[in-house]
Amino acid sequence: MEKQHKNTVKSLIAKNGYWTGFLVANKVNPVHVKGCWHLGFRVTVSSIEELDKAINQFAYYNCNRELGNRVSFYKK
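Our numbering applies: residue 73 is where the sequence shown begins, and numbers increase by one.
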């Protein structure tokens with residue numbers, strides 16, 4: 073798993089027309105993104121607006137004090 077910055081994700085969407093990866097709360101160990109806990113949310117987004125919507129929805133339901141309050145981005 074490779075961690076990416078939000079600006080990198082946005083530039084890949086602009087360049088390729090889409091981005092496929094995982095949204096994860098920032099305190100989650102990358103091993104658990106696809107491991108036994110499946111704490112990552114796999115998304116394929118094709119626009120910046122769709123990315124922002126996915127981030128907001130993920131953060132509302134999945135981010136907390138224990139897992140982290142911010143969203144991180146990982147690609148396979």
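Rather than coming from a laboratory, the hints here were simulated on the basis of the structure. Any given hint might turn out to be false.
Result set (DSS-like, lysine-lysine): computed pairs, CA atoms no more than 27 Å apart in a straight line [as the list claims (entries may be wrong)]: (1) Lys125 x Lys78; (2) Lys75 x Lys106; (3) Lys125 x Lys99; (4) Lys82 x Lys148; (5) Lys78 x Lys99; (6) Lys148 x Lys99; (7) Lys147 x Lys99; (8) Lys125 x Lys106; (9) Lys106 x Lys147.
We went through each hint and held it up to the structure:
Between the alpha carbons of Lys125 and Lys78 the distance comes to roughly 13 Å, so the proposed pair stays at or under 27 Å and holds. Straight-line distance between C-alpha atoms of Lys75 and Lys106 comes to about 13 Å, which keeps the hinted pair within the 27 Å bound. For the proposed pair Lys125 and Lys99, the alpha carbon gap of about 21 Å is at most 27 Å, so the pair holds. Restraint check for Lys82 and Lys148: satisfied, since their Cα atoms lie roughly 17 Å apart, inside the 27 Å limit.
For a cut-off of 27 Å, the pair hint linking Lys78 to Lys99 stands: about 16 Å separates their Cα positions. At roughly 18 Å between alpha-carbon atoms, Lys148 and Lys99 fall within 27 Å of each other, so this suggested pair holds. This hinted pair checks out: Lys147 and Lys99 have alpha carbons roughly 17 Å apart, not beyond 27 Å. For the hint linking Lys125 to Lys106, the alpha-carbon distance of about 22 Å falls within 27 Å, and the restraint holds.
Using a Cα cut-off of 27 Å, the hinted pair Lys106 and Lys147 holds, with the two alpha carbons roughly 11 Å apart.
Violated hints are absent here; each numbered hint is respected by the structure.
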